[in-house]
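Undergrad: On the provided structure of chain A, position chain B as indicated by the hints.
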Amino acid sequence: MPVKERGYHGWEGSLAPRRLPWFPITLQGIRQVKDKKRAKLLFFFSAFPFLFFLIGVYVASKPELRFLDEITRVINDDSQFFDLFFTRSGLMFVLFLLSVYAGSDLISADLKFNSIQLYLSRPLKPIDYLAGKLAVVMFYLLMFSLVPALLLVAAKLLFSGTWSLGFSTLAAIFVYPFLASLALASLVLLFSSFSANTRLVIVAYVGFFFFTNMLAGILSGVVFNHSALGLLSPERTMRHLAALLFGTKAAMAAPLWVAPLLVVGVSLVALAWTLTRIRRVEV
Amino acid sequence: MSETIIQLEGINFFYNGFQAIDGVSLSIGPGVYGLLGPNGAGKTTLMKVILGHLRPAAGKGRILGSDLDAGLTEVRRCIGYMPESHCLIPGMDAVTLTSYMGELSGMPRQEAIKRAHEVLYYVGLEESRYRMTDTYSSGMKQRLKLALALVHDPELMILDEPTSGMDPGGREEMLQLIVDIAAKGRMNMIISSHILADIEKTCARVLIMNHGRIVSEQQSLDFAGGDTSIFEVGIKGEPGLFLEQLQGIHAETDRRGLLRLHLPPDFPPMSLFRLALDTGVQIRHFRPSRLTLEDAFVTAIGESHAR
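Line order of the protein sequences matches chains A and B.
Count the first sequence with our numbering and you get residues 1 to 283, in order.
Count the second sequence with our numbering and you get residues 1 to 307, in order.
In isolation and in its complexed conformation, chain A is listed as follows:
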């Protein structure tokens, strides 16, 4: 039909400022990640640590399974239980995989398809764009760390029938996954802002973790024989952080307060750097 016959019609509604201007970016990003290839498979495997620990909670609540005494003792110690869940259950690897899956292309694809200018020609600042993207990764990481942890709290309550959780442990259950997710999300977004080639981003991000872990291992165990150098490894730093938050035994000789400082510091530097890179994109 010719244009003239169709005719242009305006829109009668009114445009309202949003309190969280980045929120539509987050919602759209969440939908897009969910619709990616093999997303459901990854989400299924990501739930394994939770399922394993859920079985543990069930077993601990059954007096007839006394032969699993050692396990029961650990499960009944809330601090140790959640420290184990967050740091030794494979959850860290799951979160790492999720950060790659959900975050590696969030900025790099926008760079490739020149779409940052689409965002910034709307009433959005670069920081809103970054906040929207950060929230996408944070959503998936918290969905597989904080949410299962809270479900485990509920399961413990359900199976034991008593509330044994101390305030500090409960606070740690919230703080630890938040800080871990923030660190992973900000790092993956930083790497994502480095290149328009998502494969390159993934290789660099995986390489960074592999290299820092290896370097930490060599420096702390072979060259200097000082466990504090393990802080060079993000994974060991996160374990150190868990030791501080859950009050468990630290594996490194470094002061415990260094871990949150490092995690928050690295996250903030990564976010500031990413923001600078977004601002530098020619709109």
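Please keep in mind that the hints were generated in silico from the structure rather than gathered at the bench.
Computed from a prediction, not measured in an experiment: that's the story for all the values here.
Take the hints with a grain of salt, since some may be wrong.
Said to hold, decoys possible - Okay, the calculated bits of chain A under chain B, using three or more residues with CB under 8 Å as the criterion:
#1 10-17
#2 23-33
#3 108-114
#4 122-132
Claimed, not checked - One-sided and incomplete, this derived list gives chain B residues near chain A with beta-carbon spacing under 7 Å:
#5 H53
#6 T73
#7 P83
#8 S85
#9 C87
#10 L88
#11 Y100
#12 E103
#13 L104
#14 R115
#15 H152
#16 D153
#17 K184
What the hints assert, rightly or not - DSS-like mimics (lysine-lysine), calculated; alpha carbons at most 25 Å apart, straight line:
#18 A:K34 with A:K112
#19 B:K141 with B:K114
#20 B:K60 with A:K125
#21 B:K114 with B:K184
#22 A:K34 with B:K114
#23 A:K112 with A:K125
#24 A:K36 with A:K112
#25 B:K141 with A:K36
#26 A:K37 with A:K112
#27 A:K112 with B:K141
#28 B:K201 with B:K184
#29 B:K141 with B:K184
Note that the Cβ used here is the ideal one computed from N, Cα and C, for glycine as well.
TA: What follows is chain B alone, placed relative to chain A:
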């Protein structure tokens, strides 16, 4: 209709020491304005300053009533921008992308979806609105960009090279759309292009830019044939004396060797024949001419080079 949409005074902008905008002052009222200039004239940079993407090194201005210094993030809610370069968000169909852009501008989600269907239909993408946008052709991407700029029914549209990469049919339809939107949508527009015909067809006023400066401002109506004081004159014989007698009348020779005479209002065109008779030349070609945008463009660019 006397309100000012854009007011700029003494705007300067530098790219790594290179002055891309040089003391631009302009006042844009309601209607459709064309921004014309050769490549590198500073058109796109000026548009980015207007959008608040680039902060000028000097100068002040107001865009839709908001101060340039105060930041223009909120003003962009009322602006629809169609960039020159191809840009889309991968992994989305046209409806999702268009409604998403509407949402980012502050439309409620359901309204944005409904409106996305309307504007995609309007720009002629109704058949392919559920196709992934990364599979679109160049012309379709241009239409999609127009839909994205239109979805929130902005007060001001800024179109950067809107017909770039389109085939003649698509280009014609895009220009029709622009004219239709301007007429029916009561929308103000700035269209940047280096295609003179596009500007001539769509704009009421034309700003010509060169070397980062506004070198001329023209009424597009001047090019539509209303000015009858210009005549093309072909002469046989020695024109020296004839031209001498035309003192005070602007005369230039075009590519075909014809004289183009800009006659003042009190100079009756028929007296040229008397003058020819008196100076011993024959007038072999005589017809009213009109000032084309090309003439104005070439003159303005030529003058700016001469300065």
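Undergrad: If a hint holds in the structure, say so; if it does not, say that too.
TA: Now the hints, each set against the structure:
As drawn, the region 10-17 of chain A meets chain B at 6 residues by the rule of a beta-carbon pair under 8 Å; at three or more, the given contact holds. With a threshold of 8 Å between beta carbons, the proposed coverage of the region 23-33 of chain A by chain B holds, since 4 of its residues qualify and at least three are required. Counting residues of the region 108-114 of chain A whose CB falls under 8 Å from any CB of chain B gives 5; the rule of at least 3 is met. With 4 residues bearing a CB less than 8 Å from a CB of chain B, the region 122-132 of chain A meets the requirement of three and the coverage assertion stands.
With its C-beta approaching chain A no nearer than about 5 Å, H53 of chain B sits inside the 7 Å limit, and its interface hint holds. Satisfaction of the interface hint for T73 of chain B is found here, the shortest Cβ-Cβ separation to chain A being roughly 5 Å, below the 7 Å cut-off. The restraint placing P83 of chain B at the interface with chain A holds, with a minimum CB-CB distance near 6 Å, inside the 7 Å limit. Hint status for S85 of chain B relative to chain A: holds, with the closest Cβ pair at about 6 Å, below 7 Å.
Evaluation of the C87 of chain B hint against chain A yields a held restraint, the C-beta minimum of about 4 Å falling below 7 Å. Taking 7 Å as the C-beta cut-off, the interface hint given for L88 of chain B holds, the closest approach to chain A being about 6 Å. This hint holds: Y100 of chain B has a C-beta 5 Å from the nearest C-beta of chain A, less than the 7 Å allowed. A distance limit of 7 Å between C-beta atoms decides the matter here; for E103 of chain B the minimum to chain A is near 4 Å, and the interface restraint holds.
The interface hint given for L104 of chain B is met, as the beta carbon of that residue sits about 4 Å from the closest beta carbon of chain A, less than 7 Å. For R115 of chain B, the suggested interface contact is upheld, since its CB lies about 6 Å from the closest CB of chain A, less than 7 Å. At about 6 Å, the closest approach between the beta carbon of H152 of chain B and any beta carbon in chain A falls short of 7 Å, and the interface hint on this residue holds. With its C-beta approaching chain A no nearer than about 4 Å, D153 of chain B sits inside the 7 Å limit, and its interface hint holds.
The closest approach between the C-beta of K184 of chain B and any C-beta of chain A is roughly 4 Å, which is under the 7 Å cut-off, so the hint is satisfied. Proximity of K34 of chain A to K112 of chain A is assessed by CA-CA distance (about 21 Å); at most 25 Å being required, the pair is judged to hold. A C-alpha spacing of about 20 Å is found between K141 of chain B and K114 of chain B, which places the hinted pair at or below 25 Å, so the restraint holds. With a C-alpha separation of about 21 Å, the suggested pair K60 of chain B and K125 of chain A falls inside the 25 Å cut-off, and the hint holds.
Among the hinted pairs, K114 of chain B with K184 of chain B is consistent with the structure: their alpha-carbon atoms are about 20 Å apart, no more than 25 Å. Our distance criterion of 25 Å between C-alpha atoms is met by K34 of chain A and K114 of chain B, whose separation comes to about 24 Å. In summary, the hint linking K112 of chain A to K125 of chain A is supported, as the alpha carbons are separated by about 20 Å, within the 25 Å threshold. Distance restraint check for K36 of chain A and K112 of chain A: the Cα-Cα separation of roughly 18 Å lies within the 25 Å cut-off, and the hinted pair is therefore satisfied.
The hinted pair formed by K141 of chain B and K36 of chain A meets the criterion: a straight-line CA distance of about 24 Å does not exceed 25 Å. A distance of roughly 20 Å separates the Cα atoms of K37 of chain A and K112 of chain A; the hinted pair therefore holds under the 25 Å criterion. Our distance criterion of 25 Å between C-alpha atoms is met by K112 of chain A and K141 of chain B, whose separation comes to about 16 Å. Between K201 of chain B and K184 of chain B the CA atoms are separated by roughly 16 Å; this keeps the pair inside 25 Å, and the hint holds.
Between K141 of chain B and K184 of chain B the CA atoms are separated by roughly 23 Å; this keeps the pair inside 25 Å, and the hint holds.
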